[in-house]
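*Asks:* So the protein sequences, as listed, match chains A and B.
Under the working numbering, the first residue of the first sequence carries the number 1, and numbering increases by one thereafter.
Under the working numbering, the first residue of the second sequence carries the number 1001, and numbering increases by one thereafter.
Hint data in this document are derived by calculation from the structure and do not stem from the laboratory.
The C-beta atom is built at its ideal place from N, Cα and C for all residues, glycine as well.
Where chain B lies over chain A, by a calculated footprint (3+ residues, C-beta under 8 Å):
#1 163-173
#2 186-198
In silico BS3-like cross-links for lysine-lysine, where the CA-CA straight-line distance does not exceed 30 Å:
#3 K83(A) x K1221(B)
#4 K286(A) x K83(A)
#5 K1221(B) x K191(A)
#6 K1045(B) x K1075(B)
#7 K1197(B) x K1263(B)
#8 K1223(B) x K191(A)
Incomplete in silico selection of chain A near chain B, CB under 7 Å:
#9 V105
#10 A181
#11 T233
Residue strings, one per chain:
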Amino acid sequence: MKRKVQASVAMAASMLALAGIFAPDAISVTHRSPAQLLGEPETVAIAPGSFEFRLPGEFLKNDYPVDAPLQTTAMRRGFAIMKYQVSAADYARCVADGACEAPDVVTATAGDAMPLTGVSYRDATAYAAWLSERTGSVWRLPTDAEWAYAAADRYADDALLLAADGSNPAERWLARYRSEADRTGPDPQPKPRGHFGANAKGVADIAGNVWEWTTTCYTRTRLADGVAQTESTDNCGVRIVGGRHRGYMSYFIRDGKSGGCAAGMAPDNLGIRLVREPDSLLTRLKKLLPARIA
Amino acid sequence: MLTRREALLGTAAGTAGAVLMAAMAATPALAQVPAADIRSLPRQKVKLVAPPFVHEHEQVATSGPKVVEFLLTVKEQPVVIDREGTTMQAMTYNGSIPAPMMVVHEGDYVELTLVNPETNEMPHNIDFHAATGALGGGALTHVNPGEQVVLRFKATRTGTFVYHCAPEGMIPWHVVSGMSGTVMVLPRDGLEDENGKQLTYDKLFYIGENDFYVPRDENGKYKSYETLGESYEETLNVMRGLIPTHVVFNGKVGALTGDNALKAKVGDRVLIVHAQANRDTRPHLIGGHGDYVWEQGKFNNAPAKDLETWFIRGGSAGAAFYTFLQPGVYAYVNHNLIEAAELGATAHITVEGEWDDDLMAQVSAPGPIRAI
Chain A
1 MKRKVQASVA MAASMLALAG IFAPDAISVT HRSPAQLLGE PETVAIAPGS FEFRLPGEFL
61 KNDYPVDAPL QTTAMRRGFA IMKYQVSAAD YARCVADGAC EAPDVVTATA GDAMPLTGVS
121 YRDATAYAAW LSERTGSVWR LPTDAEWAYA AADRYADDAL LLAADGSNPA ERWLARYRSE
181 ADRTGPDPQP KPRGHFGANA KGVADIAGNV WEWTTTCYTR TRLADGVAQT ESTDNCGVRI
241 VGGRHRGYMS YFIRDGKSGG CAAGMAPDNL GIRLVREPDS LLTRLKKLLP ARIA
Chain B
1001 MLTRREALLG TAAGTAGAVL MAAMAATPAL AQVPAADIRS LPRQKVKLVA PPFVHEHEQV
1061 ATSGPKVVEF LLTVKEQPVV IDREGTTMQA MTYNGSIPAP MMVVHEGDYV ELTLVNPETN
1121 EMPHNIDFHA ATGALGGGAL THVNPGEQVV LRFKATRTGT FVYHCAPEGM IPWHVVSGMS
1181 GTVMVLPRDG LEDENGKQLT YDKLFYIGEN DFYVPRDENG KYKSYETLGE SYEETLNVMR
1241 GLIPTHVVFN GKVGALTGDN ALKAKVGDRV LIVHAQANRD TRPHLIGGHG DYVWEQGKFN
1301 NAPAKDLETW FIRGGSAGAA FYTFLQPGVY AYVNHNLIEA AELGATAHIT VEGEWDDDLM
1361 AQVSAPGPIR AI
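Here chain A stands alone, though its shape is the one from the complex (with noise of 0.2 Å):
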């Protein structure tokens, strides 16, 4: 699970630079699906732009954690991604088709209501593998910058600011729980879809309290000078998920409270938002023929 960070830093700036060489308009196309494929969920459009991003992670500074840098990050390209989160009876459907695991307690009574709840990122993986291969588009995980990008006004900047030079490991300790104890809601139960309204970009129930699970990777980052990184270990057995605060939960995990530790704040749910990737030329044409000959 452990390799050096450096390596998957580039990765991901390869894949967005390429990802942006398609279709960079796709997002204003609406498609014409064939009969065959499963409507596309509702999804806003999230404009290009930057903004004030806390790196994720974990940051040692003389052998002391510190929060992380703050960094100015581009979104170089918009990206679309759904409106609401994945529901229960979404789930379902894919459960019924045999391509995703059924949930360990059944939730899924509302109709389209509820929001999935109890998934792991195994699970949500496989739903996103599951709902491209029938809606024709690609459908993955957003990272945790896009998430945080998306969450807009409901992103928490999770620094800490404290003035302590980090000799008393506990003041740490202390700040972290304090502050998830602050924005855990008192009402972990999930609330029909658009319960928690709508944040500044129109994505709905975004930071309530079902966490959404993102492709980024637990890291462990020496900084230099408080700002150069030194050396750095990723974890990608452990993923990060949105949220009131952010989360950091081992993949296989599917409901929150089991996943945390011992002294730690657990997320209230575990679900799933998924961005569509712009298609492709080759994508396009595809969904001009008819079902199944793609």
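We have chain A already, so just place chain B on it with the hints.
*Replies:* Chain B only, in chain A's frame:
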């Protein structure tokens, strides 16, 4: 000669006077003390405080024995027992799970008024493990909805003791529905270590642990019921399997975490009283210890020292004395870790203060593996 069983049946059936008097006469502690002497003792009325805290009290008694008056009102009410909103039809004393802790000194008299409001469905009573005779008071305290009763008992033994509801035929259901609490009888000179050196606590945390047995529906979701009576049969079926669905501190998963985490400072001497009325448990303070532990909770026995985990027998309360030496976020758990992490038996204590590098230091922060 009246047997205890007959006395119990008689009381439960509401048979008056004679049976009650006979039961009392069979209780030597009550029969032998001249009532006039007790009437001349000073009286103190105590307002109970909801757990995890306890009413103000002296650790060392500064005066002679007295009669300490407490009031418990039975409240039958639905309570939410986890973060998912699972609702259980609970039975409580004073509305809290666990019921409030009562503190007196050895030789004091506990005088309890037990009220069962008319709005309740069930008869209730109380069995004090600290008391002697009459099923711990259970035989003398049966109250139907709309009744109240007053019981007095002498605190003859020191220690932490469970009390619980014990109505005939339904004892375990009442207990696992929330009706248990703790009495602490302190030695008149306060707590002492094995050499007679005084142990004074700055704070007392009162942890009541409960095992709950909530039925599930065909989809695996926890069921809720409109009334206590409706919940009885299916709940009893789950109980008979002996596998709790929830094991919690203070009545609810997460009742003592997050914003409700307990608070202390480095140097604080804390007495943690842990009660479990029904089922064995094994408290452990992660990153700390039990400096002095009365596992069985009885202060006439010398405390065990330096324990990592202590054992609380079902149906008893124990006490652990600890001085916090390091700051941080501590987890206080039932060290059956499945019960702690999956079923709810976890509390957090946030402790402020200076870090002691001598006790522990991270010599080298985590980083890539190098040649050793």
